[in-house]
Amino acid sequence: MTTDPALQIQNLTISYGEKEVVHDVSMKFPANQITALIGASGSGKSTVLRSLNRMNDDLATVDGQILFEGLNINQPDVNVYQVRQRIGMVFQQPTPFPLSIYENVIYGLRLAGEKDKRVLDQRVEESLKQAALWDEVKDQLKESAFALSGGQQQRLCIARTLAVRPEIILMDEPTSALDPLSTSQIEATMVDLKKDFTMIIVTHNMQQASRSADWTAYLDQGRLVEFDRTAQIFMNPQQQQTADYLSGKFG
Amino acid sequence: MQGPQQNLLKPSKESREEWLGKLVSGLAIVLIGGLVSAILIFLTVKGIALFVQGEFSLGKFLTDTTWSMSNHDYGALPMIITSFLITVLAGIVALPMAMIVAIAIAEMLPQRVERYLKPVIELLVGIPSVVYGYVGLTLIVPALQRLFGGTGFGILAATCVLFLMILPTMTSMSIDSLRGVPQDYRRASAGLGATRWQTITRVVLPSARGGILTAMVFGMARAFGEALAVQMVIGNTTIMPKGLLDPAATLTSVLTTGIGNTVMGTTANNALWSLALILLIMSLAFNILMKLFNKRGGQR
Amino acid sequence: MKPEKVDRLATYLILAGASLVGIIVLLLLGYLLVTGLPHVSWHFLTSSSESFRSGGGIRDQLFNSLYLVVLTLLVSVPLALIAAIYLSEYAPTNRWTELLRLAIEVLSSLPSVVVGLFGYLVFVLQWGFDFSLLAGAFALTILNLPLLTRSIEDALHQVPALQRRAGLGLGMSKWRVTTKIVLPQALSGIITGAILSAGRIFGEAAALIYTAGQSAPAIDYQNWNPFSPTSFLNPMRPAETLAVHIWKVNSEGLVPDARAVSNGSVVVLIITILLFNLLARLLGNLIQRRLAK
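Protein chains in written order, with the numbering used here: chain A, 1 to 251; chain B, 252 to 551; chain C, 552 to 844.
With the rest of the complex left out, here is chain A (with noise of 0.2 Å):
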């Protein structure tokens, strides 16, 4: 690894009830780097994604050691509201509140007790620059969030994320519900967050991870086949596995 892990997985087990569905992941994430978890559906990668802030404490039981700031942040004692305002999530759907456009970006802000107006209104300009959407909304702050095309809703979201000023963001197949015009203004805006904030992205589409992302790591049946720099993982497969999956992807 060229740069320190932002954030570590060890020996990552996940069960819904009986059924075991991830088995014993282990895995670094790079920080200020895109890392795409790739695999077919129920092979686990968006199980993993979920319970790394903790998302999914109501629905499985997760075992293992998922570290942060060198601190195990899957024990019941840490507190999951402050993991989950530092490692942000993009939903698969957008999910806008019916709120304002200002009011959307603000919301984690304002739960948080900010109130200067100084404050918000920056942050509000930052967090939708950031997200590539300022252009086309600074004139309709005050507007319906839905009033907003799906695409801009979804960059809306991630900038609402943004907003709370997270160090991860983790992103849920963040494009599927997207046409391809959206979806590449998002993967555009996903290459210039790297430079501040550190991501990891599921996804269905391989030409998006093959594009956007810096590491690949490709699971198959909640097992971790194969972990590399996304290039060595396209070009040149060490798994059988692996090959057989993108051939069969892009054949």
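These are calculated hints, taken from the structure and not from any lab test.
Since no wrong hints were added, every one of them can be taken at face value.
Distance condition first, Cα-Cα at most 25 Å in a straight line; then the derived SDA-like pairs of lysine to any residue:
{"id": "1", "chain 1": "A", "residue 1": "Lys115", "chain 2": "C", "residue 2": "Lys731"}
{"id": "2", "chain 1": "C", "residue 1": "Lys731", "chain 2": "C", "residue 2": "Asp705"}
{"id": "3", "chain 1": "B", "residue 1": "Lys546", "chain 2": "C", "residue 2": "Arg701"}
{"id": "4", "chain 1": "C", "residue 1": "Lys731", "chain 2": "B", "residue 2": "Gly277"}
{"id": "5", "chain 1": "A", "residue 1": "Lys115", "chain 2": "B", "residue 2": "Glu268"}
{"id": "6", "chain 1": "B", "residue 1": "Lys273", "chain 2": "C", "residue 2": "Pro735"}
{"id": "7", "chain 1": "C", "residue 1": "Lys556", "chain 2": "B", "residue 2": "Gly442"}
{"id": "8", "chain 1": "B", "residue 1": "Lys542", "chain 2": "B", "residue 2": "Pro433"}
{"id": "9", "chain 1": "B", "residue 1": "Lys369", "chain 2": "C", "residue 2": "Leu571"}
{"id": "10", "chain 1": "A", "residue 1": "Lys117", "chain 2": "B", "residue 2": "Lys264"}
{"id": "11", "chain 1": "B", "residue 1": "Lys542", "chain 2": "B", "residue 2": "Leu282"}
{"id": "12", "chain 1": "B", "residue 1": "Lys369", "chain 2": "C", "residue 2": "Leu584"}
{"id": "13", "chain 1": "B", "residue 1": "Lys261", "chain 2": "A", "residue 2": "Glu114"}
{"id": "14", "chain 1": "B", "residue 1": "Lys369", "chain 2": "C", "residue 2": "Ala567"}
Fit chains B and C to the given chain A structure using the hints.
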């Protein structure tokens, strides 16, 4: 500024807020659990006092046919029989009527018609039972009087009132259960060359059976527990009914008129609470019956 | 007979039967309106009832009914909200939750006369409320709680799960997600449910004759002190409602114009319930539209 690690371990505003969630959860459990247990316990304790204190035997209470508070006779059989009789009669008459209307609305008439009828049915469901009792008093009793002679008050009048009262509820529940049958079943049946009537009788009705039976039991449970509407038209004589035109009394009608005229703790008062206990037990039984039908319907 | 013929015959019979039932029901409603409306006058709505003479109105009964609905909603909406929030947002899926749901179902199937007797036993006698609006409101709350809980729970379920996850993903507490994201979006459903339940309890009588009582003592509409025994706002005074009045006048009433008074009261009762239904629909739509904007 403390180290980032400490922040992750310390409670924050968010984690402190969760006690409100815990409070709400605890309150909800105490509220519902406490209320239901209190009702069951209080009514059971009051209801068995008559037998526990040895004032009257349970066997005689359930099988004796004479109810006379002044003579300390507490045979509840006439009321039990009458309650069941008018409930079953009302259910038997209401079920086919509700089915006819439900099939017409859900399967035959255009959707547009349902949009207009739905608020009307909702209004009818919401009409209070005293209104139905009043209709019985001013329309049904005089009509029966003219048709069959006598006073008009009695079992038949009560049955008619209950029938009117439960018809809207049963109809609306039947419509819902017919609507719950997947459209695919109808298309598949039609695709095999079945007529609409064949489809209704062989596919739709059997699939909706659970829901329709639940509707019937629900209606009957309401009829069994109805007090004032029945009390207004049944004549209120606590004797064994011999015919449909005879005046009689139900568990609920005796309770309605009796509780105010007896003193708490007396034998007569205890006997009334025993009637209330029968009502409670029957409402639990109807509940279990509905659960069974619902489950059976769900498995299909 | 050929299936096609059977089909046509059955269709005719069913439609004829349904029309017959429909016509009978509409005639009934029409009869109630036609016989009742002529008795509904300003005088009828604004004068107090008579015990022995004719010409009495229903002012106090109508006010009691409405006030009782308000009191009942004040008690039952918060309780139902708590129960619904727990069931929809917090309750784990296990045996205990199932038992709790069963308890609610038992509650909803209790005959109202049984609820009234329980209220008489506990609120009126044990707690010493006597026959009072408050005892009546508590009894009606028991009747109202299961259905209102159900309708609020349904309204909460209408809010997409994704909205909750988005909130949690921002690091919000579950409590915040529930109160700030879920509740506002469920508001129209909750209000509709509350008003519909108001319509249901407005006409209830059996649960009230031994809790709120069967008498309407003279009250003073100028007296705004809720602790004064003659004040119209005093929740500890006995209060006969409109539905109870209809029953009372017909089963043991002594007024010579019982028919006229009941006809008028029935119409007022039905129209008020109709208004509740319409109001629920209207407000629900209105809030829905405002939220969608």
